Structure formats: structure tokens, C-alpha cells
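Following the hints, complete the assembly by docking chains B, C and D onto the known chain A.
Chain by chain, the residues:
Number of protein chains: 4
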Amino acid sequence: MPLSPEQAKEIAEQRTQVFQTRRAVSPGMEEHLYTAYPVLDHGFVRVIDYMGDDAAICQAARVSYGKGTKSVQNDEGLIRYLMRHWHSTPFEMCEIKLHVKLPVFVARQWIRHRTANVNEYSARYSILDREFYIPEPDALAAQTVVNNQGRGEALSGAEAERVLRYLRDDAARCYDHYEEMISSDDQQGLARELARMNLPANIYTQWYWKVDLHNLLHFLRLRADAHAQYEIRVYADEICKIVADWVPFAFSAFEDYRMGGATLSSKALDCVRRLIKGEDVTQASSGMSAGEWREFRNVLDQSA
Amino acid sequence: MPLSPEQAKEIAEQRTQVFQTRRAVSPGMEEHLYTAYPVLDHGFVRVIDYMGDDAAICQAARVSYGKGTKSVQNDEGLIRYLMRHWHSTPFEMCEIKLHVKLPVFVARQWIRHRTANVNEYSARYSILDREFYIPEPDALAAQTVVNNQGRGEALSGAEAERVLRYLRDDAARCYDHYEEMISSDDQQGLARELARMNLPANIYTQWYWKVDLHNLLHFLRLRADAHAQYEIRVYADEICKIVADWVPFAFSAFEDYRMGGATLSSKALDCVRRLIKGEDVTQASSGMSAGEWREFRNVLDQSA
Amino acid sequence: MPLSPEQAKEIAEQRTQVFQTRRAVSPGMEEHLYTAYPVLDHGFVRVIDYMGDDAAICQAARVSYGKGTKSVQNDEGLIRYLMRHWHSTPFEMCEIKLHVKLPVFVARQWIRHRTANVNEYSARYSILDREFYIPEPDALAAQTVVNNQGRGEALSGAEAERVLRYLRDDAARCYDHYEEMISSDDQQGLARELARMNLPANIYTQWYWKVDLHNLLHFLRLRADAHAQYEIRVYADEICKIVADWVPFAFSAFEDYRMGGATLSSKALDCVRRLIKGEDVTQASSGMSAGEWREFRNVLDQSA
Amino acid sequence: MPLSPEQAKEIAEQRTQVFQTRRAVSPGMEEHLYTAYPVLDHGFVRVIDYMGDDAAICQAARVSYGKGTKSVQNDEGLIRYLMRHWHSTPFEMCEIKLHVKLPVFVARQWIRHRTANVNEYSARYSILDREFYIPEPDALAAQTVVNNQGRGEALSGAEAERVLRYLRDDAARCYDHYEEMISSDDQQGLARELARMNLPANIYTQWYWKVDLHNLLHFLRLRADAHAQYEIRVYADEICKIVADWVPFAFSAFEDYRMGGATLSSKALDCVRRLIKGEDVTQASSGMSAGEWREFRNVLDQSA
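Protein chains in written order, with my numbering: chain A, 1 to 304; chain B, 1 to 304; chain C, 1 to 304; chain D, 1 to 304.
Just chain A, with the same shape it has in the complex:
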């Protein structure tokens, strides 16, 4: 359970308070505000604040004096046009602030997206909680043998049991020692900024993360992708649901042009033209490497 009763109470209190504002409001997003959606065994994602909605994207694109909305149909068309032609600045005019609780090894991937603002819980000044990510059995994947990236089938039997025992026992022991080291009962007590080095990378941390919609969609394209590590993808999937309610037109265009789309190379486009003409194209005649050809065939073979 990701929240203590006290934390749940603080969040519930925040949700009861309603204020008046002149700002643009996204009704779909208001419903999500503050709610902590569980991710993995102890993590969550929750929206702390947001700025803008679909109309705000159009308003900025038009540099409008008023709301900038002409008609709902017109706005959707403009948003699709902007997405299709990679006009990113109007999407930067929406902003979201999230509170995320996540394992440290996931946080290390996440932070590589630099165009965002972050305040992380400080293990220099504060004591971390005893909470570690232990995968569910079906997420306990073997190293893939196809290439050196990603995962294969789930482990099973004695091997799975041993892995889970290691993860649980090592985390527990490391945390016991962390606590002992920082304790100031009958001893000086090691500095927190040092003691934290004994904690494994599956311990949970948390942060406030604020990002504009353009950069958020870029993050989602990479991290909600099938090739992303499962443990960050589940966060991205949860955020996708929120964004779909926040800016429905922008998210729908994103799904069509980014998530469901594909970038074809000059060589691949040439093959497509030949295939449409009825020509038989093989890897040998395509000019592509084996890897490129496989990826190209995958794009063509997917059902829409």
C-alpha cells in the first residue's frame, strides 16, 4: 500500500477544497487532481497542478487576445496540423506538475529527460522509508537471448524463488544496517548523506516533477513504448491515461502521429513504393541491413 493513513488523509483534505479561478480549467483533469494512482508495489503517480487545456494550445498558436477557440472542430484540426508538422511550441504552453513515488533505478532513467523541473526527497537530510520494489512473478524476466537488450520469458521454479529471496533479504539487511548506522542511540551516528550509500537501487524515492506538454509527450513516446523497461513503462502508461483526460485532442493526435506512427528512412520509403507497384522486394534488394529490414517488416506486418 503506497500511502500511510496520514498521507491519505492529507490528500483527501486537499481534494475537498474547491476554489474559484479565472484560469482555463480542464474538467477531465480536475477529477484526477491529487489522487495517488498506484504503480508497482509501493509507487504512485498523482497530479499536483496543471496549466492549460486543448484550447490553450490553439490560443498560443494563434497568439489570441481572447480564448482563441474558434470552434471545437476547428481546434481539433489545428492541433492535428501542429502535431503532424512538428510545431512544438504551442504544446509547450501547457504544463503539468506530478508527485511520483518510484524505485531509484527507475528514477535514474527518468531524470535523463533534462527539460523538466525536479525536487527530490533528500536522503542527505532525511531518512528514507523501508520500502523496496520486489517484482511480481510475471515481471521477473530472463535476459533476452535475441539481442543484448530487454527481457525474455519470466523466470520460473527454484530460480524465481531464489531471485525473490535475494532481493527481499538483501534489501532488508541493507536497510537494517542503514538504520543501525544512522542511529544516535549510544553512538555518534553516521551522517545520513553517507549511510544512504548502503541502500540498494530498488528502494523507493519520490519527487515533484514538472514538465511542459511537448516534453511530456516526448517522454511518453519513449517510455510508454514496448521497448521501454517494464518498470518505467507502467508509470508512463498511468500518465497517458491522465493526459488523455486533460487534453483529449492533443493526446488523440499524439496517438495517431507518434505512438501509432513510424518514421521510415529514405530506403524504406523506396521499398514501400516498389511494394505498392507489386514488385517483390527482399532484404538483398532493399539496400537495408538485416536489422533495418527486420524492423521495417515489423512495421508493415503490424495490424493497425
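Hints should not be assumed to be uniformly reliable.
[To be verified] Stretch-level coverage of chain A by chain C, calculated; a stretch enters the list once three of its residues show a Cβ under 8 Å from a Cβ in chain C: (1) 258-272; (2) 281-293.
[Claimed, not checked] List time: in silico DSBU-like cross-link candidates among lysine-lysine, alpha-carbon distance up to 30 Å: (3) A:Lys-9 x A:Lys-241; (4) D:Lys-9 x D:Lys-241; (5) B:Lys-277 x D:Lys-267; (6) A:Lys-267 x C:Lys-267; (7) A:Lys-241 x B:Lys-67; (8) B:Lys-241 x A:Lys-67; (9) B:Lys-9 x B:Lys-241; (10) A:Lys-277 x C:Lys-267; (11) D:Lys-241 x D:Lys-67; (12) B:Lys-267 x D:Lys-277.
[What the hints assert, rightly or not] Short, incomplete list of chain A residues facing chain D, as computed with Cβ under 8 Å: (13) Phe-105; (14) Ile-111; (15) Ala-142; (16) Cys-174; (17) His-177; (18) Ile-182; (19) Gln-187; (20) Gly-189; (21) Ala-191; (22) Arg-196; (23) Asn-198; (24) Gln-229.
Keep in mind the hints are simulated off the structure, nothing from the lab.
From a predicted model like this one, the values you see are computed outputs, not experimental measurements.
For glycine and all other residues, C-beta sits at the position ideal for the given N, C-alpha and C.
The following block gives chains B, C and D in isolation, referenced to the frame of chain A:
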């Protein structure tokens, strides 16, 4: 007059609409929303949207589950501490979106602050209005003779008249020709993206500009400074008034530690220590260059 | 002619000096160093400095202790893989510093690429030269009638003559007045930071512009594109030639995957699959809007 | 020992190769190139590449056609002026690329400096080495009791011994299990991207880190500061030595204006003025909080 009746009406309509939200609300800021505050002869600044308030800065610094506010006094102390110790990330958790109308030569300075989001009115696709910045007589400054930067006294008499005549007439003629060139009456009509090159740098443009509070304060420190060019400083001054109502604690700390403060070099601190001991320090004995010494004396001689 | 004899001499002197270094050296790039390649009527692009080469991209991707190069073939394959899978960070490990002279209206487009470092010649402190961009007759394009973007045919006859006369005469007169206003002969002399506002947007400015290879390629993809304004595209084209000699593998991958490639939406991919199966697909049965369909057909109809 | 014989050999080979270049060369920096300077028990810092020197800062500030150097004295004065007046863009025209080996908990602090380019060794695809940071006895600091930040005295006796034993044994056991889990001998073998979660934060990672001089100096100001955590400060100190040889004028100005300087608030400057006049100022009459007053007295009491 910066606004057409139609624009004024659009803005007035936006101000009448009030919505309910669960988000943090800054009452001082709500009052400013959408109002176009006049700057220079045809320009303005107006707030389109904002995220966060003083409490949101503390909430992020504490990575809180709830509002993160302990007490008003406590929050002010925390904000002052964060500002004093250059902890910038909590201030990045507030965001503002402005609609600004400004002369092109001011826009060219402004855009050099890169950590912001911008949508500018496009002179490639649209036709610019016939509006040019013509300085007030007391802003018609001579080149300073002290150094090669900034301004001296205002011009007077025939010289001032001639300058104003040039600025007005050249702008008018250039705009007449711009209109003639793009006209498609009885001719092909020059592409707008080309015709705009005939317009002088005092023509007005406009943009939506979105920035976080940390970067906004950095902008204000440089542009609301006495050494900034007058024509950008008046925009910065107007924004300062808005920020003071939006996040009063943060702005007050900013005034104390940044705007009213000064960074002293190692040599300058050494001189301060000697001066406090009653020693007589001169430029020669200070180790500073003439320029540094003059700037140092200016800091000491200012009344608080 | 973009260079004065004195400037040409300074550049020639720089090119004669050769130093020893342990750093990675790109022989193709060394040939370009400092040479000012003319662009438009008075502009130029020249390389001031660079960091890295194709091998440096691989070295960073492998976090190598040595050069990081395995074999030339291996390196090219890795670079193509990185480009295909949008792994941008290894390309960020190369850097280029350019000196560019360009019209102000081009500079205003260029500066919108924020992830770069810029030092521009200051018209606050210095006096701009009397140099203005006047288009060649075949670049004097009419506004397109298809949509409100871009250009149509070149103007001709009396209309073309009149446009060129306006551009030349207005620039000359504005510059005459600029000079008169800042003159301190028998008068105070207007501050330069003010006088510059009288200069039209086709006056030339210049800057040092430093950017990493990833962001440079992004710039080139947008600005060397057929839809970019001609006056910025000629700069991008000139830079493309330089980059092709600097990092040949990276540039070739960029040409295949970015410049010559295309991003197809989910709907477009579905149409491709149906077309390959021999199905007859029309706009009506495609699910695309008229604009999307036209763009999609353009991609398919291009010869490779 | 941070390097294997094979790695040392690769580095030595790189150092023997010398090339010819037309680019600006910093002789002081050439000496450092590729050498791995040891930091902590298994870490190092080494320069992989650099761009620019002191003259390049001046060249960019002057937007020069040639080298941009007027005289050595003139250049130093200009650099000091730029530093004093926070003109940051000329310093952005120099760039450095480092290869750093560092404990994960240090890497997590370091990465918070976002304006840099990073390629980190991937624990998703590769196997991490068995190398952990174990503090020297005098770095084994107790939690400070003054405030909740930073460190007190070193631990001693049985407490120190126990801490070191925990750190060593837990790291060893976690690494043993990491190896067992990923082994594919007689079992499927856990995916590397999952197994890494069992490794504590004192394990070493490594990356290529590229940053411009302005942002590097900002990093050094915060991380070479007495309040920075010791384990990151030793890296910053090592980098300071390198920068001092690379751009001696810029580094000397940095030491005077940033490292040895201090920012005084409006209230503090007021106190300075009163103290110089011979007035007796106390915390009560200063208008400062206890914390501010203590920090202010520390600045005044430091010997230059």
C-alpha cells in the same frame, strides 16, 4: 492605445468567466488575470495563466503529500532560506504565461533568455499592424560619454525634433511600401515573409511567453536593473508588480537578496574587512582596477 | 562582397597557423576552418572551432577508455543504429562553433532554436555596417495562393522593379538617418541602443553560434527542408556541406533517416498496408483529412 | 586502483598520438588530455576533449574575424569584466568533455546539473564491475548536530569499525547475488536491467560528461564549496585544477568573483555601511534572522 475595441471586448469577456478548481489559487494574481497593462506607447503585458503560489514553493521543497504549508511564518522563513542559498528548484515549481506586445528591438533582447517557451505572431503568414515605438521626449537619450554603454541626458531642441521626425517618417514610409508590396490588387503581391524585411525594428510584435518563477526572477534581476535599456526595463518593472502580488514572500526575498543585494569579490570583501577595522583603503591599496573600485564604492555609498 | 580586405587578411592569417594537439581531429573539417563561405549577397558561414568526429560518437556511446573505434564498418553500423533509434546523446558529444553573418529577419528565425550558445554583435554598443539584403530577381517570390504559407512564382516586370527600388531606397534612407542621429558632430548624438530601431530587418548582423551535433541536425532538418524560407535554407544548405565533411557517417545516416525519410501516422501506415495488398485506397476510405491525404500522396509519389 | 592494465594501455596509446590542427589550442590543457586522475578509492576524472581557451572567450565577446586577441593584458581585463558583470555567453563558447568514474550516489547529485550532455555506462545492457566506494576512516563522518545538514566529526572506535564492516559486507553480498542472478549457467538468468536493482548506491558507474565553461563554473561553485558533500567535492577539486591550466584568466576571475566572493543582501549591505561608519550593529539591530546573521558574520570574519 494598445487595444482595439474588439480586443478589449474579448479580454473583458474572459475576465467575467469564473470556474471552479481544486488547484492552488493565488488571490492576488487572479485580480491581474487577462488585464493588459500598458507599456510604452503601444505595448502591454498581461497574464494569461499561472501555476502555483508561495505555498507551492514550500510544498515542492518539502515534497509534501498535502499542501505542504506548516505556518505562514514558517513558510516565509523557508522561502528566504531557499533564496539565500540559491536553491533554485523549488522556485521552478511556479510558472507564468504572459501575452506581451513589444517593439522588435526589445523582443530581440528578451528572446536571449532561452529557458522559456515562446509563440510569436508570425510575419511569415500574417500582416503586421502599423504600430511603431516612438520614444517620449524624456526617453530620447544621448549616447553616454562615460563609457560606450547606455545613455546620457535627453536630447533637446532641434536635434530632438529631427530624431523624432526621422523615426516617424521612416516608419510610415517603410510601412506604406510594405503594404504596397504585399498588396495583390492588380499585381502578384510580394510574399509576406519577404516584405517584412522592409520594416524597421521599432515595429511592434507580440508573443505568448511562458517561464518558471526561477528563470523569471533571473530575467527581472537583469532587466529591471538600472543598467538595462529603458525600453525593456519598463516591461520588467510592470512584471515585478504582478509577481509581487502573485508570490509575495518569494518576491520580497528576491528584493532583499537579489535586487537590493550585491556580489562582492574576494578583493572587495577584504577591503570591507579592512574598512570596518578603520583602515583607510584606496584604489591603489585595494588591488582592484579603476572600474572595479568605482563599482565597489558605488555599492558602499548607496543608501539602503 | 562579404569581407573587407582587412577581415580577409585576419582570416588568412588564422588559416596559416598550425598547432599540435592530442585531440580527435577531423581532416575534412580542418580544411573548412575559418574559411568564410558566402551566403546571400553579404552574408557568410565559417567554422571557428569544432569538437569530435564520427569516432567520438562511438567512443561516447561505448563509454570507452581508448578511442572507442572497433572498425570503420562497425562504427558506421553503430552510428546508423543510433540515428535510427533516436539515441540522441552520443551525437551531443560533438560540438561546432560557427561565425555567421546574416540578415536580422533570418537571425530572428534562427534564434528560436534555443539549445545553442550565442554571442551577437551588439548594436547597443557598436555601430552596424551599411549592408542590407536585397534579393536576387529569382528570389523575389510572390505570396503563394495555395495556402497562406510560403512562396509562389517570382515577381516580374514593373512590380519586381518597384519592390527592389523600395527595398534599396528605404534601407539607404533609414541608414542615412541612423548615421545622422548617432553622429556627435555639432550635436549630442542619439544613443546607439535607440538609433538602431530605425534600421529595417534586412540589415545584416553577425554572431558566434555554438551547438552540439544532435541539435545542429535538428536545425538542419527543419531549415534545409523544402518548406523552410529560402533565406535561411541557403545557410542550412551551406552548413550541410560542412557537416558532410566533418562527420561523414553521421551525416549520411541523417540524410537517409531524417532528410530523406518521413514519419507516417497510424492511419497512413494502415493505408500503406492496404495499398501493398493491392487494395484501392482513396481519401474517403483512408480516414485522413484532405491535407493529410495530399501530404501522404506526396510522400508516396516522390522518386527516391 | 581505478584502471586495469588494459585500460591504462589504451589511455597511454591515446596520449602518444599527436595531430596537427588549425584550431585554438590550450597548451596547459594538452598536458592533461586523457590522463585519469584518481578520485576516491576507485574513481577518476579525465579530459577526453576540449574546445577553446581564454582567447576564445574574448574572440566571441568581440565577435572577431581573427583571433580576437588584442593583448594579453587587455584580454585578462575583458575576462574579469565579463565575469564581474555576469556576462555568461562568452564563457559558454568553451566546452569540455570528461570521462568520470564515480559512485552512483555521487552520480545522482551530479546529474541534477541539467545543462550538460551525458552518456552513462548502461547497466541495462552491460554488467557492472565489482567496485564499491568504502570511505577512508577520516571521511567516515557523524551526522552534524548543529543543523540537519552535512557532517560532524569522524566516527571512531568500534562504531567506525562496524560501519566499515557493514558497507564492505553488504556490498560484497549484494554483488555476489547480482552475479548469481544474471548467470546463465544451468538457469535462465535474470535480465540485467532487473538484477542491477540489488546493487547498493556506493557501486561505481561511469560516464562521458560534456559541458560548457559557464555551466561548468556554476557546477564548481556549488560542488567545490565547503558545504558540498565531501564525495562530490573531491571531484570538483580535481576539475578545478584542470580548468586552472586550461583557461587561466577565466579561472582566476572565477576564484576572485565567485569562489572567494559573497552575495550580500540589502540588509547585509546596510549593516556593512553602518559598521564602516563605526556603528555597533547586533543581530537585533540588523533586521536579520539568527541564521542570516551567523552567515553574515562568517563572511566578515574570514581571512581573505
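Hint check:
1. 258-272: Contact hint for the segment 258-272 of chain A vs chain C: holds, 13 residues under 8 Å.
2. 281-293: Result for this restraint: holds, n = 3.
3. A:Lys-9 x A:Lys-241: The hint holds at about 24 Å.
4. D:Lys-9 x D:Lys-241: OK: Lys-9 of chain D and Lys-241 of chain D at ~24 Å, within 30 Å.
5. B:Lys-277 x D:Lys-267: Status holds; Cα separation ~20 Å.
6. A:Lys-267 x C:Lys-267: Holds, because 21 Å separates the two Cα atoms, which is no more than 30 Å.
7. A:Lys-241 x B:Lys-67: OK: Lys-241 of chain A and Lys-67 of chain B at ~24 Å, within 30 Å.
8. B:Lys-241 x A:Lys-67: 24 Å, holds
9. B:Lys-9 x B:Lys-241: 24 Å, holds
10. A:Lys-277 x C:Lys-267: Holds. Lys-277 of chain A to Lys-267 of chain C sits at ~20 Å (cutoff 30 Å).
11. D:Lys-241 x D:Lys-67: Judged against 30 Å, a Cα distance of about 26 Å means the pair holds.
12. B:Lys-267 x D:Lys-277: Between Lys-267 of chain B and Lys-277 of chain D the Cα gap is close to 20 Å, so the pair holds against 30 Å.
13. Phe-105: Nearest chain D Cβ about 5 Å off; hint holds.
14. Ile-111: OK, holds: Ile-111 of chain A within 8 Å of chain D, min 6 Å.
15. Ala-142: Holds - the Cβ of Ala-142 of chain A comes within 8 Å of chain D, reaching about 4 Å at its closest.
16. Cys-174: 5 Å, holds
17. His-177: 4 Å, holds
18. Ile-182: At about 7 Å, which falls below the 8 Å cut-off, the nearest Cβ of chain D leaves the hint on Ile-182 of chain A intact, so it holds.
19. Gln-187: 5 Å, holds
20. Gly-189: At 5 Å from the nearest chain D Cβ, Gly-189 of chain A passes the 8 Å test, so the hint holds.
21. Ala-191: Holds, because the Cβ-Cβ distance from Ala-191 of chain A to chain D comes to roughly 5 Å (cut-off 8 Å).
22. Arg-196: OK, holds: Arg-196 of chain A within 8 Å of chain D, min 6 Å.
23. Asn-198: 5 Å, holds
24. Gln-229: 5 Å, holds
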